[in-house]
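Student: Protein chains in written order, with the numbering used here: chain A, 1 to 130; chain B, 1 to 130; chain C, 1 to 102; chain D, 1 to 102; chain E, 1 to 135; chain F, 1 to 135.
It should be emphasised that the hints constitute simulated quantities derived from the structure, not laboratory data. There's no promise every hint is true.
[As the list claims (entries may be wrong)] When the alpha-carbon atoms are kept at most 30 angstroms apart in a straight line, the in silico DSSO-like pairs for lysine-lysine are as follows:
hint, chain 1, residue 1, chain 2, residue 2
1, B, Lys2, B, Lys30
2, E, Lys5, E, Lys78
3, A, Lys2, A, Lys30
4, E, Lys111, B, Lys62
5, A, Lys62, B, Lys94
6, F, Lys6, F, Lys111
7, A, Lys30, A, Lys62
8, A, Lys2, E, Lys62
9, F, Lys83, D, Lys75
10, A, Lys62, A, Lys2
11, C, Lys75, E, Lys5
12, F, Lys62, C, Lys25
13, E, Lys78, C, Lys75
14, C, Lys25, C, Lys75
15, F, Lys6, F, Lys83
16, C, Lys67, E, Lys52
17, F, Lys6, F, Lys78
18, C, Lys75, B, Lys62
19, E, Lys83, A, Lys30
20, F, Lys62, A, Lys30
21, F, Lys52, F, Lys6
What you are looking at is a predicted structure, and each value in this text was computed from that prediction instead of being measured.
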Amino acid sequence: MKFGIVVSEGPYTHQAADTAYHFAKAALDKGHEVPRVFFYHDGVNVSSSLTVPPQDERHIQKNWSTLASENEIDLVVCIAAAQRRGILDENEAKRQGKDAANLAEGFRISGLGQLIEMGIEYDRMVMFGD
Amino acid sequence: MKFGIVVSEGPYTHQAADTAYHFAKAALDKGHEVPRVFFYHDGVNVSSSLTVPPQDERHIQKNWSTLASENEIDLVVCIAAAQRRGILDENEAKRQGKDAANLAEGFRISGLGQLIEMGIEYDRMVMFGD
Amino acid sequence: MSTLHTVNKSPFGDGALLSCIEHCKPGDGVLLIEDGVYGALSGSAISDAVVARAADVTFYLLEGDAKARGLPEGKLLGQVTPVGYDGFVDLVTEHDRSQSWL
Amino acid sequence: MSTLHTVNKSPFGDGALLSCIEHCKPGDGVLLIEDGVYGALSGSAISDAVVARAADVTFYLLEGDAKARGLPEGKLLGQVTPVGYDGFVDLVTEHDRSQSWL
Amino acid sequence: MPDAKKFLYVNRKAPYGTIYALESLEVVLIAAAFEQDVSLAFLDDGVFQLTKDQNTDGIGVKNFSPTFRALGDYEVTKLFVEKESLEERGLDPSDLQEITWEDEDADWEEKPSIRIVSRAEMADIMADQDVVLSF
Amino acid sequence: MPDAKKFLYVNRKAPYGTIYALESLEVVLIAAAFEQDVSLAFLDDGVFQLTKDQNTDGIGVKNFSPTFRALGDYEVTKLFVEKESLEERGLDPSDLQEITWEDEDADWEEKPSIRIVSRAEMADIMADQDVVLSF
Numbered sequence: 001m002k003f004g005i006v007v008s009e010g011p012y013t014h015q016a017a018d019t020a021y022h023f024a025k026a027a028l029d030k031g032h033e034v035p036r037v038f039f040y041h042d043g044v045n046v047s048s049s050l051t052v053p054p055q056d057e058r059h060i061q062k063n064w065s066t067l068a069s070e071n072e073i074d075l076v077v078c079i080a081a082a083q084r085r086g087i088l089d090e091n092e093a094k095r096q097g098k099d100a101a102n103l104a105e106g107f108r109i110s111g112l113g114q115l116i117e118m119g120i121e122y123d124r125m126v127m128f129g130d
Numbered sequence: 001m002k003f004g005i006v007v008s009e010g011p012y013t014h015q016a017a018d019t020a021y022h023f024a025k026a027a028l029d030k031g032h033e034v035p036r037v038f039f040y041h042d043g044v045n046v047s048s049s050l051t052v053p054p055q056d057e058r059h060i061q062k063n064w065s066t067l068a069s070e071n072e073i074d075l076v077v078c079i080a081a082a083q084r085r086g087i088l089d090e091n092e093a094k095r096q097g098k099d100a101a102n103l104a105e106g107f108r109i110s111g112l113g114q115l116i117e118m119g120i121e122y123d124r125m126v127m128f129g130d
Numbered sequence: 001m002s003t004l005h006t007v008n009k010s011p012f013g014d015g016a017l018l019s020c021i022e023h024c025k026p027g028d029g030v031l032l033i034e035d036g037v038y039g040a041l042s043g044s045a046i047s048d049a050v051v052a053r054a055a056d057v058t059f060y061l062l063e064g065d066a067k068a069r070g071l072p073e074g075k076l077l078g079q080v081t082p083v084g085y086d087g088f089v090d091l092v093t094e095h096d097r098s099q100s101w102l
Numbered sequence: 001m002s003t004l005h006t007v008n009k010s011p012f013g014d015g016a017l018l019s020c021i022e023h024c025k026p027g028d029g030v031l032l033i034e035d036g037v038y039g040a041l042s043g044s045a046i047s048d049a050v051v052a053r054a055a056d057v058t059f060y061l062l063e064g065d066a067k068a069r070g071l072p073e074g075k076l077l078g079q080v081t082p083v084g085y086d087g088f089v090d091l092v093t094e095h096d097r098s099q100s101w102l
Numbered sequence: 001m002p003d004a005k006k007f008l009y010v011n012r013k014a015p016y017g018t019i020y021a022l023e024s025l026e027v028v029l030i031a032a033a034f035e036q037d038v039s040l041a042f043l044d045d046g047v048f049q050l051t052k053d054q055n056t057d058g059i060g061v062k063n064f065s066p067t068f069r070a071l072g073d074y075e076v077t078k079l080f081v082e083k084e085s086l087e088e089r090g091l092d093p094s095d096l097q098e099i100t101w102e103d104e105d106a107d108w109e110e111k112p113s114i115r116i117v118s119r120a121e122m123a124d125i126m127a128d129q130d131v132v133l134s135f
Numbered sequence: 001m002p003d004a005k006k007f008l009y010v011n012r013k014a015p016y017g018t019i020y021a022l023e024s025l026e027v028v029l030i031a032a033a034f035e036q037d038v039s040l041a042f043l044d045d046g047v048f049q050l051t052k053d054q055n056t057d058g059i060g061v062k063n064f065s066p067t068f069r070a071l072g073d074y075e076v077t078k079l080f081v082e083k084e085s086l087e088e089r090g091l092d093p094s095d096l097q098e099i100t101w102e103d104e105d106a107d108w109e110e111k112p113s114i115r116i117v118s119r120a121e122m123a124d125i126m127a128d129q130d131v132v133l134s135f
């Protein structure tokens with residue numbers, strides 16, 4: 001089956017990004033497909049390249065980036081939610097006149113249409129939030 | 001009186017940073033002092049220099065930076081909470097080997113001792129969170 | 001010696017207001033802010049608890065938050081006094097400490 | 001046609017589990033995850049509601065979340081079946097849709 | 001729309017205290033372009049999103065409640081509101097704003113978009129969907 | 001400590017689902033260095049923070065519950081746990097981990113840090129503070 005996963009809360013503050021990660025891994029291990037994960041609300045903060053968690057803690061952003069590169073998962077960050085919360089890729093940073101960008105490797109910024117598409121095309125949608 | 005204010009949730013997602021802002025303004029208008037505001041938990045995200053809210057919305061980070069510069073408020077962002085969530089000043093960015101920093105003007109990163117000090121030295125503490 | 005309690009969540013989905021009501025002391029103030037203002041609605045599943053406690057605790061609500069949420073004045077409990085942000089500041093000074101029910 | 005409901009909040013501070021219980025249909029599954037696993041405690045203020053609904057709805061809990069929170073196995077309702085993340089995936093496939101009670 | 005899926009957007013949270021209500025509406029506005037069968041459910045604190053006379057001047061936050069009235073233009077015409085949720089909160093349907101749509105199959109007659117349903121009917125509506133998104 | 005203020009750290013949230021419990025503990029550890037009169041209150045879902053046998057291997061999150069046992073070394077010795085909150089959750093004091101401190105005024109006798117109090121007593125404790133911080 002094709003699973004669409006939505007992450008709606010930020011890293012460390014809520015467990016949502018962790019649970020979604022373990023769910024995605026388990027689905028892949030069982031031979032299912034996870035073509036795309038959509039980050040919305042505070043979930044966009046998972047994609048920050050600047051998080052520095054304590055050394056004895058999991059690195060949520062890197063976990064997702066690694067899982068995505070190993071399994072060709074499209075990690076999509078909602079542009080409207082990201083702008084409000086200060087997540088920008090190089091292009092957006094330039095366009096907005098900001099001197100820094102902070103979108104981590106493996107994530108891309110796009111619109112809400114990508115979320116609706118998942119609902120249309122995939123077999124199941126699972127949301128993780130608060 | 002001296003008021004200590006704590007903001008525990010991120011901008012836009014929760015109203016906490018807005019309510020705290022209006023409370024701080026009202027306190028200053030009444031002749032009270034607000035020597036320091038402490039940003040903890042997701043509250044550290046208020047200090048991101050990269051937020052780009054819609055043009056018809058309030059700019060929470062800029063509101064705080066302006067209020068602070070006009071009234072000499074010490075805006076302190078907890079270092080441990082900030083690192084987990086990807087808020088870094090120039091020094092921390094360098095130290096952590098990151099190629100970008102995103103702490104907005106008027107904010108500074110420091111430790112939790114600054115929060116305890118507020119409780120010891122000020123007349124009242126008011127927390128805004130979720 | 002008295003405490004100003006602030007409650008910022010809707011009492012219909014969250015237990016903060018009820019817990020506050022069960023822990024505050026006679027003479028304390030309870031200020032409803034943000035989504036907490038829904039606690040001032042009359043004829044609701046929660047209003048009896050507020051009215052009962054209003055016998056020895058003073059309830060307030062932040063007026064801007066109530067107006068933002070379109071709460072009709074005719075449906076607000078008479079036991080809850082509206083204040084502005086300036087009134088909020090006064091309440092903090094008039095009580096000896098404030099406690100947020102987050 | 002059936003639904004897998006997921007509930008991730010403690011039922012003692014938040015109304016999500018009760019609302020889910022009142023909206024699910026016979027044959028549905030309810031999976032307790034994250035802080036939702038507290039809903040599986042026996043002898044609690046909420047357990048009667050879970051047991052009553054277990055007559056026509058199947059309850060599950062995410063085992064890792066229950067162990068993380070130190071829930072003693074002897075205190076968990078027998079009506080709630082533990083599953084791992086792999087079991088979670090199976091439950092999603094076995095039901096026609098999933099609904100998160102956020 | 002032979003291949004249209006049934007999408008339900010579930011709203012259980014109050015507006016302004018948190019951003020979920022606003023960002024849910026943003027999803028619905030985009031979703032309208034995809035020609036699926038869209039319904040919105042308002043239950044629990046979600047019913048507060050639809051109160052009339054919202055005025056946010058005092059809190060410095062944008063009032064997004066007028067946007068609900070534009071949903072008809074996007075062919076989003078099914079807003080299910082749960083009766084029991086209103087009652088528990090001391091509200092009745094007259095406390096909600098009027099939201100209408102124009103029915104082109106009935107000579108553009110204005111019809112109400114808000115439909116008050118019982119909790120049991122809400123459960124049926126939820127069970128009748130292909131995709132349920134929660135905010 | 002003539003000028004010591006009474007600080008109460010109020011914990012009403014469960015661990016792991018959100019970070020508040022962990023970050024509250026981080027504040028308490030720092031606060032211990034300031035030689036104030038520190039108490040911790042656990043009520044509502046906060047009592048879940050103290051359950052014994054927490055094992056987070058299955059969720060890949062760090063188990064911070066052993067840190068509570070170190071509080072005695074920081075001279076944080078007053079952990080008030082509300083009886084009614086335990087009961088509503090089907091728990092009793094034996095479900096909580098043992099936390100002790102060594103009383104130097106009593107020949108380093110080990111004493112329990114957790115004190116089970118009624119809701120009324122908890123209200124009294126809250127009303128007896130200079131500063132109340134909530135997590």
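Student: Confirm or reject each hint.
Tutor: Now the hints, each set against the structure:
Using a Cα cut-off of 30 angstroms, the hinted pair Lys2 (chain B) and Lys30 (chain B) holds, with the two alpha carbons roughly 12 angstroms apart. This hinted pair checks out: Lys5 (chain E) and Lys78 (chain E) have alpha carbons roughly 15 angstroms apart, not beyond 30 angstroms. At most 30 angstroms may separate the alpha-carbon atoms for a hinted pair to count; Lys2 (chain A) and Lys30 (chain A) meet this at roughly 12 angstroms. Taken as a hint, the Lys111 (chain E) and Lys62 (chain B) pair is broken in the structure, with Cα atoms around 44 angstroms apart against an allowance of 30 angstroms.
For a cut-off of 30 angstroms, the pair hint linking Lys62 (chain A) to Lys94 (chain B) stands: about 19 angstroms separates their Cα positions. The suggested pairing of Lys6 (chain F) with Lys111 (chain F) holds, with an alpha-carbon distance near 21 angstroms, which does not exceed 30 angstroms. With a C-alpha separation of about 22 angstroms, the suggested pairing of Lys30 (chain A) with Lys62 (chain A) holds against the 30 angstroms cut-off. At most 30 angstroms may separate the alpha-carbon atoms for a hinted pair to count; Lys2 (chain A) and Lys62 (chain E) exceed this at roughly 38 angstroms.
Pair hint Lys83 (chain F) plus Lys75 (chain D) holds up; C-alpha atoms about 18 angstroms apart against a cutoff of 30 angstroms. Simply put, Lys62 (chain A) and Lys2 (chain A) have alpha-carbon atoms about 23 angstroms apart, close enough for the 30 angstroms limit, and the pair holds. Restraint check for Lys75 (chain C) and Lys5 (chain E): not satisfied, since their Cα atoms lie roughly 40 angstroms apart, outside the 30 angstroms limit. Taking the CA atoms of Lys62 (chain F) and Lys25 (chain C), the gap is near 38 angstroms; set against the 30 angstroms cutoff, the hint is violated.
Between the alpha carbons of Lys78 (chain E) and Lys75 (chain C) the distance comes to roughly 28 angstroms, so the proposed pair stays at or under 30 angstroms and holds. Proximity of Lys25 (chain C) to Lys75 (chain C) is assessed by CA-CA distance (about 27 angstroms); at most 30 angstroms being required, the pair is judged to hold. Distance check on the hinted pair: Lys6 (chain F) and Lys83 (chain F) sit about 23 angstroms apart at the alpha-carbon level, within 30 angstroms; holds. Simply put, Lys67 (chain C) and Lys52 (chain E) have alpha-carbon atoms about 10 angstroms apart, close enough for the 30 angstroms limit, and the pair holds.
Restraint check: the Cα-Cα separation between Lys6 (chain F) and Lys78 (chain F) comes to about 12 angstroms, which is no more than 30 angstroms; the hinted pair holds. Distance hint between Lys75 (chain C) and Lys62 (chain B) is unfulfilled; the C-alpha atoms sit about 37 angstroms from each other, more than 30 angstroms. With a CA separation close to 42 angstroms, the supplied pair Lys83 (chain E) and Lys30 (chain A) exceeds the 30 angstroms bound. Between Lys62 (chain F) and Lys30 (chain A), the direct Cα distance comes to roughly 26 angstroms. Compliance with the 30 angstroms bound is thereby established for this hinted pair.
Restraint check: the Cα-Cα separation between Lys52 (chain F) and Lys6 (chain F) comes to about 28 angstroms, which is no more than 30 angstroms; the hinted pair holds.
In the structure shown, a violation is registered for the earlier hints numbered 4, 8, 11, 12, 18 and 19, in ascending order.
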